[in-house]
Amino acid sequence: MALSFNPRLVRGVSRCHAIVTAKMALAASCRDFSAAEKSTVIVNLNDNTGVATIQLNRPPVNSLNLQLLTDIKIALDKLQMKKDCRGMILTSSSPGIFCAGLDFMEMHNPQEGRAREFWRSLQEVWKMLYGSRLATIAAINGHSPAGGCLLSLTCDYRVMAQGKFMIGLNETLLGMVAPFWFQDTMTNTIGHREAEKALQLGLLYSGENALNVGLIDELVPPEKVMQTAQVQMQTWLKIPDLARRLTKEQMRGPTLQKFVQRQNEDVDQIMKFIMDSATQRSLGIYLNTLKHKQLTSV
Amino acid sequence: MALSFNPRLVRGVSRCHAIVTAKMALAASCRDFSAAEKSTVIVNLNDNTGVATIQLNRPPVNSLNLQLLTDIKIALDKLQMKKDCRGMILTSSSPGIFCAGLDFMEMHNPQEGRAREFWRSLQEVWKMLYGSRLATIAAINGHSPAGGCLLSLTCDYRVMAQGKFMIGLNETLLGMVAPFWFQDTMTNTIGHREAEKALQLGLLYSGENALNVGLIDELVPPEKVMQTAQVQMQTWLKIPDLARRLTKEQMRGPTLQKFVQRQNEDVDQIMKFIMDSATQRSLGIYLNTLKHKQLTSV
Amino acid sequence: MALSFNPRLVRGVSRCHAIVTAKMALAASCRDFSAAEKSTVIVNLNDNTGVATIQLNRPPVNSLNLQLLTDIKIALDKLQMKKDCRGMILTSSSPGIFCAGLDFMEMHNPQEGRAREFWRSLQEVWKMLYGSRLATIAAINGHSPAGGCLLSLTCDYRVMAQGKFMIGLNETLLGMVAPFWFQDTMTNTIGHREAEKALQLGLLYSGENALNVGLIDELVPPEKVMQTAQVQMQTWLKIPDLARRLTKEQMRGPTLQKFVQRQNEDVDQIMKFIMDSATQRSLGIYLNTLKHKQLTSV
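From first to last, the protein sequence lines are chains A, B and C. Residues in the first sequence are numbered from -11 upward in steps of one, following this note's numbering. Residues in the second sequence are numbered from -11 upward in steps of one, following this note's numbering. Residues in the third sequence are numbered from -11 upward in steps of one, following this note's numbering.
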């Protein structure tokens, strides 16, 4: 498969998406100045309630690079080992953008070993989140395309901010194919027909449309997203943990088992795609376009 | 798995549920006075129409014990052997309560053999109903939690009474996990996402909400439930029996085949759960609470 | 399985359906005058847009006989081999009837070899359309029962004409069972519960109801069907072909793979049904009834 960069298409995408990509451009161009040592997540655990929050904290758009994925994984590991931690709210420290998806810099002229590690980290984070013993709620306080949408779909419940924010698996818009486990997660959430259409067209849904098709569970004013997530969490924590967790395992088990069976095959497939020279050419053009975009406003 | 009795939770459950559980307490306390010889179902077959009704008749709440399950099985067997019987309406002789689910007395300090027989009977009733050659309609004339909901989900069509009545698989509320075949039946009816949420949270739906998510097909005034079911049955009986039956088999076959493959495993799992001392402690506390509840009103 | 002809039932079917069947009767009675050499599809490819249209052109009701199926297959083969062809709109040259489904004349007193070839052609057309590399849109400009509904369900998007037109898999109405791959296509489109009900009852949906359950995607005035399909096609062609195609393959692959595994078994089953003397008796009565129906109006 070749990534086929389509400049007209990218111009055609909504203004909201343009802002996300512009911020990604900024992120890409600033990359050398980021301090690799600082954690890219902010974790808080309320000992009274047992509810943790993980804030994605890789400004400007929380694009998922190896470090951010690793930090999510470590944070989640630690929380899941704490007996008193019962729930986790996933959100962003950058209001307006929940997560812009994968950091394409990880896929541009990569060392093969690093690219492989990057993809395995993404797989691992998905697997951990989708099968987490914790009650998990996504507080989607901004745009949530591609990998950002995927992260939110792993949670048990999704609260999204009203406004111009978009959410969806828009991979095809850039000539890419969402891997089978993205598709399975989407199908489990919105059903086969809607997923088929959404994935083929790379649909980015408005909050209202996302609510209509069941991609999110609640749509509230931006300033109420976190509070709504916390109130909803109380509902989930009323349920005895063990029964809730075993029920979740039973519902999500088949999807997780299928994933584990094909996990290595999936890495091989993506590596073939990334290391392809046509992909690299397209990516180079795309990233260059991002860098030269005008950052007129937020 | 341990059943984790949560008194606060039970207090928190809706008033409607409290009534069901209170009636269950009464049933539990009155158990010794019940006549084991009397059939716990009332069966009528209209020879003109070929439509049978099975009324669950184990007052006060039709909780499913070994006898009731056995009586359902026998009734269904007989009806299915009569060539002229083409449809069956499942309802309750106690308006206000369709069926309260499993009788926990069967799981409290049980002889292992009896408990095993109890669970196998539940499996058998589900399997017979879900794969029945008859056109089946549930006339849900009252509350229908847990096993009551399951019974209704096996039918081809569900008519429910308007009012304060609730329906759902609320097992997690009591720290229990609905077995995989409960989950499959639920997923087939309302889809993966809604089932996942409903089962984790042990959701009891109002009639309106049940209609919205497709858990039931019609919501009518209580006095019209039976009549609506009978009118609906005419629609189903307009279809040539063989074609309808083969179509049903093809749609439900995969779910039934999966069940048959794991049926014994499921018995072993539930026996381990029932025979666990922690489960027994929790059940003892729970049943004791039920017995001491005030029965203030219906 | 025996086809059980039910005259009362057929009388009970809606007037719209009666028109379709009446036209089928005409078709059946006129059969000897049809010119086997003329193609039963009209194909156009717009070289500028890369969008082809295939018009089913076997008046009066486009009933699917071996020739029409073969012509569809050839047309599709040719289009898919043309590199510049990116999308295909499937419609009818007879406004008012998209496609009436299978031509029962192919199943009445057939030579076994011909009947087998007929069924294989139907399988092949379904497989090619469901897995087509093209973006496919059904412009449903009239009634679309049974096989007509199936054809439309293979497309990526469905636009239907407002009015009295009906769509659905109504096989059980005639005592027939929709094969498993009809069922799978239906379930993928409208979900398990709705498909189970629709297939058992042989439901023919009005446009409004079809839109409500997701059986179609848009409902527009008859004169706007083609134009709407073309506008929608532009949306699909904005997506890079390869990414869209691979995404489609991933979504539909499991259904296609299951089909391929059971394809021969399916032929054997249908042949057993067709060659059964009871089926032939019922078919004879049915076709005779059609021939003697009054064709009062459209």
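These are calculated hints, taken from the structure and not from any lab test. A few of these clues could be false.
Since the list gives no way to pick one copy over another, a pair counts as held whenever it fits inside one copy or between any two copies.
[Claimed, not checked] In the DMTMM-like style, the derived pairs of lysine to aspartate or glutamate whose C-alpha atoms are separated by at most 25 Å in a straight line are:
1. LYS212 - GLU253
2. LYS260 - GLU237
3. LYS70 - ASP256
4. LYS226 - GLU196
5. LYS71 - ASP264
6. LYS71 - GLU253
7. LYS185 - GLU237
8. LYS246 - GLU182
On a predicted model such as this, the values are computed, not experimentally measured, just so you know.
Between copies, within a copy, both or neither: which fits LYS246 and GLU182 at Cα up to 25 Å?
both (21 Å within a copy, 21 Å between copies)
When no copy is named, should LYS226 and GLU196 be tagged within, between, both, or neither for a Cα gap of at most 25 Å?
between (29 Å within a copy, 24 Å between copies)
Checking LYS71 and ASP264: alpha-carbon separation at most 25 Å within a copy, between copies, both or neither?
between (45 Å within a copy, 23 Å between copies)
At most 25 Å between alpha carbons: which applies to LYS212 and GLU253, within, between, both or neither?
Neither, since 42 Å and 46 Å both go past 25 Å.
My question is about LYS70 and ASP256: at a cut-off of 25 Å on alpha-carbon distance, are they close within one copy, between copies, both, or neither?
For LYS70 and ASP256, neither the intra-copy (35 Å) nor the inter-copy (31 Å) Cα distance is at most 25 Å.
Which holds for LYS185 with GLU237 at a C-alpha limit of 25 Å: within a copy, between copies, both or neither?
between (28 Å within a copy, 12 Å between copies)
How do LYS71 and GLU253 come out at 25 Å by Cα distance, when the copy is not named: within, between, both, or neither?
neither (35 Å within a copy, 30 Å between copies)
Up to 25 Å between alpha-carbons, please classify LYS260 paired with GLU237: within, between, both or neither.
between (32 Å within a copy, 18 Å between copies)
In summary, the structure is inconsistent with hints 1, 3 and 6 from the numbered list given earlier, while agreeing with the others.
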